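As you go down the protein sequences, you meet chains A and B in turn.
The first sequence begins at 18 in this note's numbering and counts up by one.
The second sequence begins at 58 in this note's numbering and counts up by one.
Incorrect hints may appear among the rest.
As the list claims (entries may be wrong) - To give an idea of the interface, some chain B residues facing chain A are shown, with a C-beta separation under 7 Å as derived from the structure:
#	residue
1	Ile65
2	Leu72
3	Ile75
4	Ile80
5	Tyr83
6	Ile89
7	Ala94
8	Val97
9	Val105
10	Trp107
11	Ala109
Stated by the list, open to error - Away from chain B, derived, C-beta distances all over 10 Å, residues of chain A:
#	residue
12	Tyr70
13	Met138
14	His563
Bear in mind the hints are in silico, worked out from the structure with no lab data behind them.
Note that this is a predicted model, so its numbers are computed, not measured.
Every residue gets a Cβ at the ideal spot worked out from N, C-alpha and C, and that includes glycine.
So the chains spell out like this:
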Amino acid sequence: MLGLVPTAFAAQGLHSAIAAALAFSAPSLAHLSTLDIAVIAIYFVMVIWIGFYLKSKANTSEEFFMAGREMTAWIAGLSFVSANLGSLELMGWAGSAYQYGILAAHWYWIGAIPAMLFLGMVMMPFYYVCKTHSVPGYLKLRFGEGSSIVAAFSFAFMTVLMSGVNMFAMAEVMKVVLGWDLSFSIIVSSLAVAAYVALGGLRSAIFNEVLQFVLIWGGALLVPILGLIETGGWNGLKARIAHNIATGVVAPGDYTHMWRSMGHFADNPMGIHWTGIVFGLGFAISFGYWTTDFLVVQRVLAANSLRSARMAPVIGSFFKMAVPFIVILPGLLGLVVLQNANGSHMQLVGENVVKDCARLSSGTGLATPSVCSADLATTSVLPETQKAVLSGTGDVQLHSYNEVLPLMLVRYCSPGLLGLGITALIAGFMSGMAGNVSAFSAVWTYDIYRPLINRKASDEHYVAIGRWATILGVVISIGAAYMVMNAAGIMDYVQALFSFFISPLLGAVLMGMFWKRATKAGGFWGLLIGTLTSIGLWAWVKADPHALRYVALSPDAKDMAENMYRALWSVSVCVIVIFVVSMFGKARPVEELNGLVYGATKLPEEEPVPFYKNEYFWLVIAIVFFLALNIYFW
Amino acid sequence: MHNSGISIWFFIGVLLTIYGAMILGYGVFELITHTTANVVLANLHAPVWWGAIMLALGLFYGVRFRPGHED
Chain A
18 MLGLVPTAFA AQGLHSAIAA ALAFSAPSLA HLSTLDIAVI AIYFVMVIWI
68 GFYLKSKANT SEEFFMAGRE MTAWIAGLSF VSANLGSLEL MGWAGSAYQY
118 GILAAHWYWI GAIPAMLFLG MVMMPFYYVC KTHSVPGYLK LRFGEGSSIV
168 AAFSFAFMTV LMSGVNMFAM AEVMKVVLGW DLSFSIIVSS LAVAAYVALG
218 GLRSAIFNEV LQFVLIWGGA LLVPILGLIE TGGWNGLKAR IAHNIATGVV
268 APGDYTHMWR SMGHFADNPM GIHWTGIVFG LGFAISFGYW TTDFLVVQRV
318 LAANSLRSAR MAPVIGSFFK MAVPFIVILP GLLGLVVLQN ANGSHMQLVG
368 ENVVKDCARL SSGTGLATPS VCSADLATTS VLPETQKAVL SGTGDVQLHS
418 YNEVLPLMLV RYCSPGLLGL GITALIAGFM SGMAGNVSAF SAVWTYDIYR
468 PLINRKASDE HYVAIGRWAT ILGVVISIGA AYMVMNAAGI MDYVQALFSF
518 FISPLLGAVL MGMFWKRATK AGGFWGLLIG TLTSIGLWAW VKADPHALRY
568 VALSPDAKDM AENMYRALWS VSVCVIVIFV VSMFGKARPV EELNGLVYGA
618 TKLPEEEPVP FYKNEYFWLV IAIVFFLALN IYFW
Chain B
58 MHNSGISIWF FIGVLLTIYG AMILGYGVFE LITHTTANVV LANLHAPVWW
108 GAIMLALGLF YGVRFRPGHE D
């Protein structure tokens, strides 16, 4: 019965021993009971078991890198969404929802659904029919080795950096919530991911992603349910947010509508215009990510038939539309229900303010009171709260926006459920990381190692290289995690990476897939110049912040808007360069483009199925849901 | 997925069953001993109904997709 007692009364036996061994000395939001630790430990045992079980099913390169192309539409679809649902997603967007309101849901709806449906219905047949192993592999078939290698290197670079960011985010969660040492969290979780992906390849990654998807929902869904009960439903939540704005507890703004404040950059806290959301986020960034990022496309390529490959993103789109319920809603609920230890309303702030207002190690007084005071003056934190913070004593402790989800978990979850919530965050991290390293492994082996280092090795050799590449990817990710620890804002950093590499890739793939006239030279130069454009614009704004008015078309634009417009510029430049260069070159004969280009490919006939199994039926349902959500929250 | 050995849904069933039993067990313990964790809305006894839902789903998937069972 040791584990079946409330946290406050938890016996200290095993837990204390583990805690001491792991040096849990930092202050934390929550203390895990033995039951919570058991829940987390069982999860790790399960993922390693799956890895060992699937090792015998990952002997050939087709099995290791493509999961034998045996996945059903449901498994591929859930894995497709889960690979994207990292701890960065859960934590970062919950924090953004607290900060910007329901505007953050744009990243889940217009910033994902149209692109996912386009991938399934329009692009997937070409990826699937040409039997490529990767997106750079498609570019190789369409534009030759030059474009493929540019895309492969940029993808490999981006993937390990993303993995490092995800790893860092997870370690931060563990530090804030549980007081765990950053290095401990990073090493344990990455070893587990390295083990199960290196053992079982993509099949193991996909199995675990589906498992993690279920866990994320099981662990996180309780928070919005209990939150809505506490606030009196959606209408009660809206009323309490309005009340908090009126009393100055919450910064002024429209937190519950998605489009009404998009008329001008200055009208919303994100500093974004609707054109940036629709064309920058809804097209350049989201189409780039969901249709050309091999991390997600790889899951669909593992489907067992063309119909499954088309259905998988459609199935995934329904779950993606539902994710704001466990991510955005807790952020909004945090605006009204979170309280300090003294019962006053808790107001979250930026991470820089939390750092500047850190207490001295003695626990009394602040390390930099003048800096803290200046920071607090720029926030909407109430004067009495500011006073309590500056005194460096008492029950008021500042927390950052990104901590909103863990704070909500601690608020509602008793022993066992808290362990489940923490496991959901760990699972989110691990699914994101497994996605990154399995994609890195495939691209490294197929698109870098094979063409540049060893063209004629045996299949077993490439599988061995894939396993080692998995481990190498994890090691580089760990290095990247330590590198990004000092990055200013995690989400901005990720957005910047997307626009560097993903958006120009979108331009190249779209031109290659839908324009027969596009040439090899056009593809190469378009991709290269598009990428350089993106990096150049980013560097320009870094060097001269006034350049933002030109890049994002308004002096009122903020970082998020800059990322969206930069993505739009880079995809536009890529498309224009491909067009111009191709017009001066000689196009490939149409017969060579079979399976690669729209209009030159005869797609295989599919067996007729009942309407409820037909991808077009579910496509229409998904579109109706998508429109209804946007209209309801207009 | 059934042709290649154990189904992923079986693994999910096993994990949900274990978690459901643990959380439900804790919730029942709270009810019997009248001790409640220091969390908001503890009076709703979320561990009881959430654990029961997980246990039921876990048993369904564990049995429905058990190894050797063809659908």
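Okay, which hints does this one fail, numbers in order? 6, 9, 11, 12
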